[in-house]
Amino acid sequence: MAVGALQLGRCSGPLIALIILGAIGAIVAAVISRSGGLALGPGDMAAIRFTFHQAVWSAALSVLLAIPVARALARRRFRGRGIIITLLGAPFILPVIVAVLGLLAVFGRGGWVSTILVGLGGEPISIYGFHGVVLAHVFFNLPLATRLILQAWQAVPAERYRLAAQLAIDGWAFFRIIEWPLLQRAVPGAFALIFVLCLTSFAVALTLGGGPRATTVELAIYQAFRFDFDLGRAAFLSLLQLGLAGTAAAVAVWLVPRVELGRGLDRSHDRWDGRGAGAQDAVVITLAFLFLVLPIGAVAYDGMGGLLVLPGSVFWAAVTSLWVAGLSVGLMLTAALPLAGWMAMRRRAGAEVVGIFGIAISPLMLGTGAFLLINPYADPGRLALVVTACVNALMTLPFALRLMVPALRDLVDDYGRLSLNLGLRGWPLWRIVILPRLRAQMGFAAGLGGALSLGDLGVVTLFADQDRATLPLQMYRLMGAYQMEAASGAAVLLLLLALSVFWLCDWWGRHA
Amino acid sequence: MRYLALAAASIIGAQAAAETPVLTVYTYDSFVSEWGPGPAIETAFEATCDCDLQFVGTGDGAALLARLKLEGSRTEADIILGLDTNLTAAALETGLFAPHGVEADYDLPIEWTDPNFLPYDWGYFAFVHGADVAAPANFKDLAASDQKIVIQDPRSSTPGLGLLLWVKAAYGDEAPTIWDGLADNIVTVTKGWSEAYGLFLDGEADMVLSYTTSPAYHLIAEGDETKAAAPFSEGHYMQVEVAGMLAGTDQPDLAADFMAFVVSDAFQEVIPTTNWMYPAVTPEAGLPEGFETMITPSKSLLFSADEAAMMRDEALAEWLSALSN
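Those protein sequences? They're chains A and B, same order as listed. My numbering applies: residue 1 is where the first sequence begins, and numbers increase by one. My numbering applies: residue 1001 is where the second sequence begins, and numbers increase by one.
None of these hints come from the bench; they were simulated from the model. Heads up, some of the hints might be wrong.
To be verified - Below 16 Å or equal to it, Euclidean Cα-Cα: the simulated EDC-like pairs (lysine to aspartate or glutamate) are:
#1 B:1069 x A:230
#2 B:1148 x B:1202
#3 B:1227 x B:1132
#4 B:1069 x A:228
#5 B:1148 x B:1180
Unchecked claim - Distance windows between CB atoms, simulated:
#6 A:378 x B:1098: 21 to 29 Å
#7 A:119 x B:1113: 52 to 60 Å
#8 A:119 x B:1141: 27 to 35 Å
#9 A:82 x B:1177: 57 to 65 Å
#10 B:1300 x A:45: 39 to 47 Å
Cβ atoms here follow ideal geometry from the backbone N, Cα and C, with glycine treated the same way.
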């Protein structure tokens, strides 16, 4: 009997995929239907080239650097490891402007690195340029790549590490037999995900790129929308962006081989390999930690004073943001579980491409489309927060799928036959077999989704509502009202909240 | 489910309040925030009318116009407040606006002739710098100096577009040369004003493109005298922010009342210390203390709405090509 008979998410999976594709399609159609014609402007090719190059470099470097970091974290157990892993998630969840200011506090003209260099009689560094864009994107995405790859290391059954230790497999042989297959499984997906994330970058690329040389497709969409008010061109450019992302995702999925990691007994991980590499691992972890935490530290240090002068409305905004995040996580898990089940049952994972569209579509277009769809029937301002939650759920879906699909595939391989024999199907199958073993992935995905949703400014600016603002919007309003000190206080509050949400969910996932 | 209940409750609530007429004013986000003029103006206007004034905030001026275009004649808005003269030509093209019929004795440095839009505040773009540093006297000085500036992208920001037109108004066909000269002074270009101003305050640049009235905020709200605006000998480009009445309003009388209210003291005296701009009609009490220390440009530059609309594509192309090399 084939495990295919398990039929995980057989109906609900494709249905949800259809709903997502339908929603995106309707949004794009709504935008296109309002326009005259489609054409590429003269600067568009340059924008496409720049976008593609920076995304490739950013994704490649993020993944390459993440491998040693994940490897070191996977094989070391030390005090504070959990906290380090949580803090490593911080750059990813910060609102763009806060992270940029943090990065500049360290690498900027007046930043710490330049100050030290000048103090030593050298020249200050210049962060602005292509390298600055890549540096910032690596800063944002290295943590994500690290976590995704770390997850792959942890997916290897503990028995394989034991066996390797017993057979004294170490060094190159260990890499070839144990680590290479798991990297083959994890790296293409992580690369594609980060590539797509970097595709829609706009403010970071522009600011750190030092000017219009760093024009991305997203900025061209922005220009088409608000400078030229050419909705057709805006929609056309976002379709192009979608096409680039879809191609990347498809290639990545096609590259992922069906690697059998073997079955295990859910035993806890003990590692014997990597002895003698302790110093090397310590250096790698320290460097990654410093690179990611120093800018965050600068943000926190800068905002301490601001915490004391926060107006009450900021705390209300925080409450609003928390429930938006909660709603978005709920929606995201509801969609992700059946979808992941359905994808895991398929030999070739073409369906995974669907998930990636959520982050590949221009947030501006998504917001505009949603506005056009809602406007004839209701006041978009009233629905602003629900739309924000839906969009955030859509945005975090790819991360959840990335985490859950490989884990679910292993689960089907490991427990599929037994479950079929026992006649487990439907909800009992999920409850008894799948959910308990997917807890780590669910916790991480929920934490990531919640934190990301907390920090997302996104579509809410298009619909802004006088009475209900999210925390990032309130922070932006403070900045817009010259109140930079209070704004940096709000950024610290946001950072604390996002990290707490992330840590709580992740902790729940890791402690059965 | 909970949200459905909430939505239902809000619909029922709206019906219950249907007897009070509602005036809907679309504006930019920072106008409605609690630090902006919105709350004080809402209170003041509602005290004079038996109505409910509702502000709806959307991004900035350009986003506001985009939203109006998206909604077209179906829009709920009775008044649009927050376009500037760079946007009014495109706004008028929509055919959605009606002349407001309000006459006022403006305190604008230029003559106001547009019958369709009513100015409510104005300011000059300027580079803001630390008061202890000598600032360049004009664009050519700036280009020759090694002073670093941070500016906003004209494609995504109102002040960014203002700078583009400032250089164009001052130098005409020579504008590309000026931008070539400025290229090595520009540390970076940001998406919006907040990012640029944040970078400047964090010490990433010596000067930032903002308004001549920016130092007034630091002086009046923070007692901080360390910021100054640099007077440029070419003159300064202006931003005039306007309100417009929609032809399709379902509250024509109320909308006309509001337009008249816009140029009254009750509205105008809120502007200087919330929007940090000059009021279009100086209120009887004058400007708040501290505003007299702001620089007064030798010359006021401003393209008419039609000129601005014609000029901006060319100016953008010049800017892009000068800074993309």
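Hint by hint, here is what the structure shows:
{"no.": "1", "hint": "B:1069 x A:230", "result": "holds, 11 Å"}
{"no.": "2", "hint": "B:1148 x B:1202", "result": "holds, 13 Å"}
{"no.": "3", "hint": "B:1227 x B:1132", "result": "holds, 8 Å"}
{"no.": "4", "hint": "B:1069 x A:228", "result": "holds, 12 Å"}
{"no.": "5", "hint": "B:1148 x B:1180", "result": "holds, 14 Å"}
{"no.": "6", "hint": "A:378 x B:1098: 21 to 29 Å", "result": "holds, 27 Å"}
{"no.": "7", "hint": "A:119 x B:1113: 52 to 60 Å", "result": "holds, 58 Å"}
{"no.": "8", "hint": "A:119 x B:1141: 27 to 35 Å", "result": "holds, 31 Å"}
{"no.": "9", "hint": "A:82 x B:1177: 57 to 65 Å", "result": "holds, 59 Å"}
{"no.": "10", "hint": "B:1300 x A:45: 39 to 47 Å", "result": "holds, 40 Å"}
Hint check: no violations occur; every hint is consistent with the structure.
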